[in-house]
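Trainee: So the protein lines, in turn, are chains U and C. Take the first sequence: its letters are residues 1 to 230, numbered as in our numbering. Take the second sequence: its letters are residues 1001 to 1085, numbered as in our numbering.
Keep in mind that a hint or two might mislead.
As the list claims (entries may be wrong) - To spell it out: a stretch of chain U is covered by chain C in this simulated footprint if at least three of its residues, at any positions, have a beta carbon under 8 angstroms from a beta carbon of chain C; those stretches are: (1) 45-51; (2) 159-167.
As the list claims (entries may be wrong) - Label pairs and their calculated CB-CB ranges: (3) U:134 to C:1060: 20 to 30 angstroms; (4) C:1030 to U:133: 21 to 31 angstroms; (5) U:40 to C:1038: 22 to 32 angstroms; (6) U:178 to C:1083: 24 to 34 angstroms; (7) C:1083 to U:110: 18 to 28 angstroms.
Stated by the list, open to error - On the chain C side, residues computed to face chain U include the following (Cβ under 10 angstroms): (8) 1009; (9) 1016; (10) 1020; (11) 1047; (12) 1049; (13) 1051; (14) 1063; (15) 1066; (16) 1069; (17) 1070; (18) 1073; (19) 1074; (20) 1075; (21) 1078; (22) 1080.
It should be emphasised that the hints constitute simulated quantities derived from the structure, not laboratory data. Fair warning: this is a prediction, and the values are worked out from it, not measured in the lab. All residues carry an ideal CB built from backbone N, CA and C; glycine is no exception.
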Amino acid sequence: MKFGIITFPGSNCDYDAYRAVVEAIGQEAVYLWHKDHDLQGSEVIVLPGGFSYGDYLRAGAIARFSPIMREVVAHAGRGAPVVAICNGFQIACEAGLLPGALLRNESLKFVCAPIGLRVENTSTLFTNGYHENQVITLPIAHGDGRYSADDETLDRLEGEGQVAFRYVPNRNRPGDSCNPNGSMRDIAGIVNEGGNVLGMMPHPERAVDPLLGAPDGLPLFESILHRVHA
Amino acid sequence: MSRYKIAVQVVPRRGLLDPQGKAVADALHSLGFSNVASVYVGRHMVLEVEAADEGTAREQTNRMCAQLLANPVTEDFEIASVLSA
């Protein structure tokens, strides 16, 4: 399966995503520059983390207008999988692929730490490799991760099973507050109505190798393979 | 065509938590300005726009705000002033 990894000026997790796809799950990956107009046959798109366009105006606001995003939005519209991580999540919200917005962390601090998450829905394209209610640890690294939406949207996300991941207390650091950024209803990751676009602030692509700690991000990439090959 | 200097204000929507505004309000309180009820920190942008008339310039600026300068999910915007440049 071919993964297309979008690189914007300021992306910095594109290589981690590439490595997760090529080395951890043994699939093909290609970098797609933000000025490209062609997804080069990619089936799965990854919008990686970083600081596209220096986070000018708002995180993700400018990247949304990159030429490649027109192709990504059309691809998502056809039901193709899109994994939007961290800055990618911010871009996906700005582009209207996902509801809501990501605002400045409540603490006003950039938070870089392993964080506890509960998999809220294991039937999605991206989470079917996890056990029900499984608690995992993934790294986060962001300053603008406070998920916000109106109550009606939040109710709909919860009612339709679109909340994929929620922040929970980390078993390794039980004293820490579990919600690192003030996200509404502790939401860390969501899927769109069609279930083919995932947005999440934590970094699964940085947790695919036991050498770097618990490889809790690996089942996410494997989930995509299971479902698409099924 | 005339040139207009248009000032736009974008502020976090009332009711949404604005931690920056809250931090600034707390600092003002500690300076003794206890009468400050709330602070919202937003952005002030100045655009120079060529347009046939002021109405057209305003209408275009409103569309710019709705499409890019403000996030309709979390922010409100208003045109603070329009001057002939």
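Trainee: All the hints need checking, so say for each whether the structure fits it.
Mentor: Each hint, compared with the structure:
no.: 1; hint: 45-51; in the structure: violated (count 0)
no.: 2; hint: 159-167; in the structure: violated (count 0)
no.: 3; hint: U:134 to C:1060: 20 to 30 angstroms; in the structure: violated (51 angstroms)
no.: 4; hint: C:1030 to U:133: 21 to 31 angstroms; in the structure: violated (45 angstroms)
no.: 5; hint: U:40 to C:1038: 22 to 32 angstroms; in the structure: violated (50 angstroms)
no.: 6; hint: U:178 to C:1083: 24 to 34 angstroms; in the structure: violated (50 angstroms)
no.: 7; hint: C:1083 to U:110: 18 to 28 angstroms; in the structure: violated (38 angstroms)
no.: 8; hint: 1009; in the structure: violated (14 angstroms)
no.: 9; hint: 1016; in the structure: holds (6 angstroms)
no.: 10; hint: 1020; in the structure: holds (7 angstroms)
no.: 11; hint: 1047; in the structure: violated (13 angstroms)
no.: 12; hint: 1049; in the structure: violated (17 angstroms)
no.: 13; hint: 1051; in the structure: violated (22 angstroms)
no.: 14; hint: 1063; in the structure: violated (14 angstroms)
no.: 15; hint: 1066; in the structure: violated (13 angstroms)
no.: 16; hint: 1069; in the structure: holds (7 angstroms)
no.: 17; hint: 1070; in the structure: holds (9 angstroms)
no.: 18; hint: 1073; in the structure: holds (4 angstroms)
no.: 19; hint: 1074; in the structure: holds (5 angstroms)
no.: 20; hint: 1075; in the structure: holds (8 angstroms)
no.: 21; hint: 1078; in the structure: violated (17 angstroms)
no.: 22; hint: 1080; in the structure: violated (18 angstroms)
Taken one by one, the earlier hints fail for this structure at numbers 1, 2, 3, 4, 5, 6, 7, 8, 11, 12, 13, 14, 15, 21, 22, listed in ascending order.
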